[in-house]
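Produce the complete structure using the sequences and hints provided.
Count the sequence shown with my numbering and you get residues 1 to 824, in order.
Quick caveat, the hints were computed from the structure, so don't treat them as lab data.
Be a bit skeptical, because a hint or two may be false.
[What the hints assert, rightly or not] Okay, derived cross-link-like pairs now, DSS-like style, lysine-lysine, Cα gap no bigger than 27 Å in a straight line:
# : residue 1 : residue 2
1 : Lys183    : Lys530
2 : Lys52     : Lys123
3 : Lys48     : Lys118
It should be emphasised that the depicted structure is a prediction, and the values quoted were computed from it without experimental measurement.
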Amino acid sequence: LVISLFVSCHLTAGDFVVKEYKYSGFYPLSKPFLADSLDVNAKKFSEKELIKTTVPFTAVTQSHEILSADSSGELVSPSGTGCGLHLFSFTLLSDRYTDGTLNVITDPDLVEVYINNKKQALKDGKVELTLQPWGYTIVLKCLSAGTGTQTIKCHYIPKTDAIVTASVSRERLYTLNDVTDGKRIQSASISPDGKYIITTYLEVFPGGDKKRYSEVTERISRQMIARYDGSAADIRWMPRSNRFYYIRRNMEGRELVSVDPATHLEVVLSTNLPEGNFRFSPTEDYLLFTIQEKGPEERKDLQQILEPDDRQPGWRNRSFIHKYDLATGVLQRLTYGYTSTFINDVSADGRYLLFSCMDGFLTERPFRRLSLYCMDLQTMQTDTLFKSAKFINRALFSPDARQLLIAGSGDAFEGIGLDINEGQISNTSDGQLFLYDLSDKSVIPLTQTFNPSVERQVVWNKTDNQIYFLAKDQDYVRLYTLKPGNKQITALQVQEDIVQDFDIAAAAPEMVYFGMSISNSNRLYSYNTKKHTFVCIADLSTEILKDVRLGETHDWNFVSEAGDTIYGRYYLPPSFDPAKKYPLIVNYYGGTTPIGRGLESRYPAHVYAGLGFVVYILQPSGATGFGQEFSARHVNAWGKRTADEIIEDTKKFCETHSFINKEKVGCMGASYGGFMTMYLQTKTDIYAAAMSHAGISDITSYWGEGYWGYSYSALASADSYPWNTRDMYTLQSLLFSADKINTPILFLHGVADTNVPIGESIQMFTALKLLGKPTVFVQVEGEDHHILDYDKRIRWNHTIYAWFAKWLKDQPEWWDALYSPKSL
1 LVISLFVSCH LTAGDFVVKE YKYSGFYPLS KPFLADSLDV NAKKFSEKEL IKTTVPFTAV
61 TQSHEILSAD SSGELVSPSG TGCGLHLFSF TLLSDRYTDG TLNVITDPDL VEVYINNKKQ
121 ALKDGKVELT LQPWGYTIVL KCLSAGTGTQ TIKCHYIPKT DAIVTASVSR ERLYTLNDVT
181 DGKRIQSASI SPDGKYIITT YLEVFPGGDK KRYSEVTERI SRQMIARYDG SAADIRWMPR
241 SNRFYYIRRN MEGRELVSVD PATHLEVVLS TNLPEGNFRF SPTEDYLLFT IQEKGPEERK
301 DLQQILEPDD RQPGWRNRSF IHKYDLATGV LQRLTYGYTS TFINDVSADG RYLLFSCMDG
361 FLTERPFRRL SLYCMDLQTM QTDTLFKSAK FINRALFSPD ARQLLIAGSG DAFEGIGLDI
421 NEGQISNTSD GQLFLYDLSD KSVIPLTQTF NPSVERQVVW NKTDNQIYFL AKDQDYVRLY
481 TLKPGNKQIT ALQVQEDIVQ DFDIAAAAPE MVYFGMSISN SNRLYSYNTK KHTFVCIADL
541 STEILKDVRL GETHDWNFVS EAGDTIYGRY YLPPSFDPAK KYPLIVNYYG GTTPIGRGLE
601 SRYPAHVYAG LGFVVYILQP SGATGFGQEF SARHVNAWGK RTADEIIEDT KKFCETHSFI
661 NKEKVGCMGA SYGGFMTMYL QTKTDIYAAA MSHAGISDIT SYWGEGYWGY SYSALASADS
721 YPWNTRDMYT LQSLLFSADK INTPILFLHG VADTNVPIGE SIQMFTALKL LGKPTVFVQV
781 EGEDHHILDY DKRIRWNHTI YAWFAKWLKD QPEWWDALYS PKSL
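Written out as structure tokens, the structure is:
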């Protein structure tokens with residue numbers, strides 16, 4: 001496979017000669033003043049020392065001057081006067097993993113070789129260079145004297161049948177480092193008057209070092225007026241005074257400081273601020289603290305577990321609410337007891353506190369019940385709004401504090417928000433909203449027939465009395481407004497497929513939001529809620545995708561045999577040729593959340609496409625964002641219907657796309673998606689390879705062992721237990737059907753996974769080994785359900801790439817290099 005987005009040079013079998021170079025130079029150099037005839041190591045000065053002179057490589061990597069070698073591959077640089085430097089550059093690309101040797105034919109004392117900005121040691125004019133299937137930038141820094149010219153010749157000899165090309169184009173492939181490295185937006189908020197924006201960034205450098213900082217900018221001019229780094233980066237807007245605040249430490253402890261963005265005037269609000277997390281009251285005269293108290297400790301070597309959640313570190317600790325008066329410095333405790341209390345909201349006049357408790361109730365789904373209270377902060381009188389309610393998550397005051405906006409699932413309030421078929425059980429992760437009247441305690445479902453699933457970000461704006469919220473709409477995350485009077489829901493015309501977060505000005509029709517789309521990274525926007533106009537404030541994608549060429553993406557939906565439209569999309573390699581046959585990788589949801597259209601993810605589809613795969617992502621039955629009936633299909637199914645749809649969809653996709661090699665189709669998923677990977681192999685042999693990360697192999701062991709196994713089962717196995725639904729727990733557990741699997745499966749798992757314990761992969765791997773089936777198990781030390789360590793994440797991803805290269809491309813070299821064949 002020749003990646004045609006690069007300008008291909010001459011290609012010969014086994015020995016590839018570079019024929020074109022970017023060039024920058026001539027950089028004239030002068031001999032330094034010799035204070036002594038010898039240096040500290042008794043060495044005489046030689047003009048060869050001038051090769052150590054530093055020249056920025058961007059001068060050549062971004063150069064538009066191209067030099068061509070002669071028919072033999074030899075290149076003579078332009079001439080200069082006297083001694084000087086020349087820079088030559090090209091990009092080397094292979095269609096697969098291969099070891100090889102880069103030969104640089106020139107005077108070895110007059111050249112330095114850099115690969116991806118790292119200096120290489122030349123031995124006999126050679127550099128041992130392993131190529132993975134993405135571009136390697138080669139820079140040669142050459143010293144010339146006399147006529148001021150330099151002659152070079154470069155050729156690469158791969159040790160496999162790899163097809164190697166060289167390029168002088170600035171275009172490059174999208175790689176994993178484009179996902180892991182660079183600057184991303186963590187949060188964005190707007191001042192109450194809508195004039196200023198705080199944006200917090202996280203910048204990750206190659207190798208994993210991180211830097212976090214916040215910038216304050218003027219919204220219209222986009223001019224940055226302040227920047228805060230490190231511990232001071234956590235700056236936030238005060239509720240109404242158009243000032244932001246941050247915390248700094250002095251000799252007396254924590255100091256709370258507010259800043260006027262217009263004048264930069266700082267005011268110290270508190271010089272001895274208590275420890276703990278807090279939020280400002282709407283009136284700005286007090287703070288509400290959430291302070292944690294440690295629970296009783298026992299010896300670690302012999303510890304009684306009080307209930308399933310007691311296995312989790314810190315579960316015995318409790319959190320309580322305190323009020324801190326900024327004028328007097330008095331910290332008053334507001335809640336006390338055995339059960340933690342959580343701030344939900346504060347009324348706009350600062351008088352009423354809405355808070356909740358969550359009690360364990362292990363004998364009945366959903367195993368947690370919420371009690372909601374309203375406290376008058378002037379009299380300390382507390383009213384119980386409801387006690388031990390099921391399927392409710394949180395509440396917000398209306399602007400006039402006469403109503404509450406309740407977030408939960410359709411089962412809340414005796415199921416008045418349900419929109420499912422008879423006999424179905426609701427998927428409790430399908431988020432719904434309700435309106436609760438404080439005077440008569442009546443409840444109205446607001447999103448019952450609204451198919452998108454409501455996310456956590458919900459704001460009831462006092463300026464226009466509309467509710468703003470994010471919701472998963474199929475594989476999009478959109479921003480909506482809801483008018484509580486008539487329940488009218490309207491989608492705002494945002495510019496991104498996935499809105500990650502938003503914030504609304506308290507006293508102006510302005511908001512900010514940021515997000516990404518299927519083929520671009522973070523962008524930040526301001527949006528006028530009255531005029532419905534927008535301005536792009538920052539486009540981080542410009543730098544992240546600089547010189548990157550992505551392949552095309554297309555939606556592809558199909559109608560299943562049951563008559564349902566199953567939505568999906570696919571990604572093509574950047575050099576896609578419809579006349580060729582490509583291997584296919586199929587991906588599907590984990591948990592119950594659809595795979596969103598964001599560029600960056602755990603399995604970034606554009607990276608796989610850049611490696612020469614077609615990637616197909618589909619959203620089968622059970623995913624949220626398609627309506628309550630559709631998501632309810634996830635409950636008590638454990639693969640039923642969903643697996644059939646994936647198999648049917650895979651077959652139809654292959655049949656209707658002639659560029660797919662039907663013999664080279666793979667599939668992959670994580671968590672519940674890892675379960676689905678295993679389950680598919682018990683029902684079909686159409687997949688040539690499969691990958692399961694942190695997959696569930698036995699519902700019975702997962703249900704009891706994971707930190708959240710039993711609580712996730714409240715969703716996926718509602719009211720079904722091993723003692724009352726024995727058939728589901730055995731027939732749908734893949735361990736009991738291991739003998740049906742013939743597909744090579746790669747199991748990946750974090751050793752410290754507390755969500756899906758590593759035993760889920762161990763037992764399935766063991767079963768397949770005992771059955772003599774092709775399988776591999778790779779465990780990642782120290783990692784939980786997600787692989788977060790920078791270096792381990794790189795190797796973890798490379799493991800997946802190499803696995804699919806081996807089985808879907810018949811290229812085992814990468815896998816063998818990572819995990820050399822062993823005979824034990």
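(request) Could you tell me which of the numbered hints above are not met by this structure, giving the numbers in increasing order? (result) Per hint list: single violation, 1.
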